[in-house]
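A.B. asks: So the sequence shown is numbered by my numbering: it starts at 465 and just counts up by one.
Please note that a few of the clues may not be correct.
[What the hints assert, rightly or not] In silico BS3-like cross-links for lysine-lysine, where the CA-CA straight-line distance does not exceed 25 Å:
| no. | residue 1 | residue 2 |
| --- | --- | --- |
| 1 | LYS587 | LYS671 |
| 2 | LYS566 | LYS502 |
| 3 | LYS566 | LYS657 |
| 4 | LYS671 | LYS483 |
| 5 | LYS607 | LYS587 |
| 6 | LYS483 | LYS587 |
| 7 | LYS607 | LYS566 |
| 8 | LYS607 | LYS479 |
| 9 | LYS483 | LYS607 |
| 10 | LYS607 | LYS491 |
| 11 | LYS657 | LYS671 |
| 12 | LYS502 | LYS491 |
| 13 | LYS644 | LYS491 |
| 14 | LYS644 | LYS657 |
| 15 | LYS587 | LYS502 |
Worth flagging that the hints you see were computed from the coordinates, not collected in a lab. No experiment lies behind these values; they were computed from the predicted model shown.
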Amino acid sequence: MGDYYLRLCTEMGCKIRSKELELFINKESERCVDEIFKNCNLNGRPLILLNPGAAYGSSKCWTAEGFARTADLINQQLDCNIAIVCAPHEIQLARDIEQAAKSRLINLANHIVSLDVLKALIKRCALLITVDSGPRHIAVAFKRPVVTLMGPNDPRYTDSPSEIGQVIRADVDCLACHLKVCPKDHRCMTQIKPERVAIAGLELIQKGENNGNRTGL
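Take these sequences, add in the hints, and give me the full structure.
C.D. replies: Set out below in C-alpha cells:
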C-alpha cells in the first residue's frame, strides 16, 4: 500500500528519496518521559508497552484477558517493566487489563500521555505489543520491535519493509473482512492465543539484545 501512494507522488513529479519512516519528538516530551520513568520506577529494566485500543472500531481489538495473560507469561520469563498505554476514551480497557493481570503492570492511563509523549515512550521501549493501530507505525519509524495482533484487516495494506516485528493472526475463515464491528463472534481476534504473542515478543527482545539494540533502560 505504501508503494501505491508513492506512485501517486511520482505521477505528480515528486522524487522519492527514501521509503524509511521518520518522526521527530520535541524536548519537552522527552522530559515528560524522563519524569514518567522516574515516577513509575521504570529505569534499569527493559520496557514493554501494551497498546490495546484502536480508533478504527471494536473489530480490531483483542481481549483484556489476552493482554493480561500475555503480560503474565512475559513477566514469568523476563525481568522487565510492562506498561499499558491508551487513548483517553480507552481508560476502562486499560483498567480491565490491569485488574485481570496476576503480575505487576504499570497503567500509564493514569498519566497524561499526549501523542508526542507516546512517541517518546515508544522510542524508548524494548517491545510494543499492539493491535493494528497508529502506535504500530510509530514503532516502525523508530525501529522498535513490534508484535501486531491483526484480524479484520489485510496485513498487505499496512505492512512496512522496515518493520522489525511479527504479525499474529488466527486461522479462521473470515479474516480480512475490513468491518469495523464484527457481526459474528469476533473469532479472528479472540482465537489469538496469548502464548503465541508472548513467544513472539520474547523472541524479538532476545534478537534485539543479541544485536545490541536493547532499549527501555
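A.B. asks: For the pair supplied as a hint, LYS644 and LYS657, is the alpha-carbon distance within the 25 Å limit?
C.D. replies: Distance ~22 Å between LYS644 and LYS657 Cα, so the pair holds.
A.B. asks: Decide if the proposed pair is consistent with the structure: LYS587 and LYS502, CA atoms, cutoff 25 Å inclusive.
C.D. replies: holds (17 Å)
A.B. asks: Holds or violated: LYS644 and LYS491, Cα atoms, limit 25 Å.
C.D. replies: violated (36 Å)
A.B. asks: Quickly compare the C-alpha distance for LYS607 and LYS566 to 25 Å and report which way the hint goes.
C.D. replies: Violated, because 30 Å separates the two Cα atoms, which is more than 25 Å.
A.B. asks: Straight-line Cα separation of LYS566 and LYS502 no greater than 25 Å?
C.D. replies: holds (24 Å)
A.B. asks: Taken at face value, is the distance from the CA of LYS671 to the CA of LYS587 at most 25 Å?
C.D. replies: holds (17 Å)
A.B. asks: Compare the distance between the alpha carbons of LYS502 and LYS491 with 25 Å, and conclude whether the hinted pair is satisfied.
C.D. replies: At roughly 17 Å apart (the allowed maximum being 25 Å), LYS491 and LYS502 satisfy the hint.
A.B. asks: With a cut-off of 25 Å on the C-alpha distance, tell me whether LYS607 and LYS587 pass.
C.D. replies: Holds, at about 8 Å.
A.B. asks: Does LYS671 lie within 25 Å of LYS657 when you go C-alpha to C-alpha?
C.D. replies: holds (22 Å)
A.B. asks: For the pair supplied as a hint, LYS566 and LYS657, confirm whether the alpha-carbon distance does not exceed 25 Å.
C.D. replies: Cα-Cα ~17 Å, so holds.
A.B. asks: Between LYS671 and LYS483, is the straight-line Cα distance small enough, at 25 Å or below?
C.D. replies: holds (24 Å)
A.B. asks: Does the structure keep LYS483 and LYS607 at a Cα separation of 25 Å or less?
C.D. replies: holds (13 Å)
The earlier numbered hints that this structure contradicts are 7 and 13.
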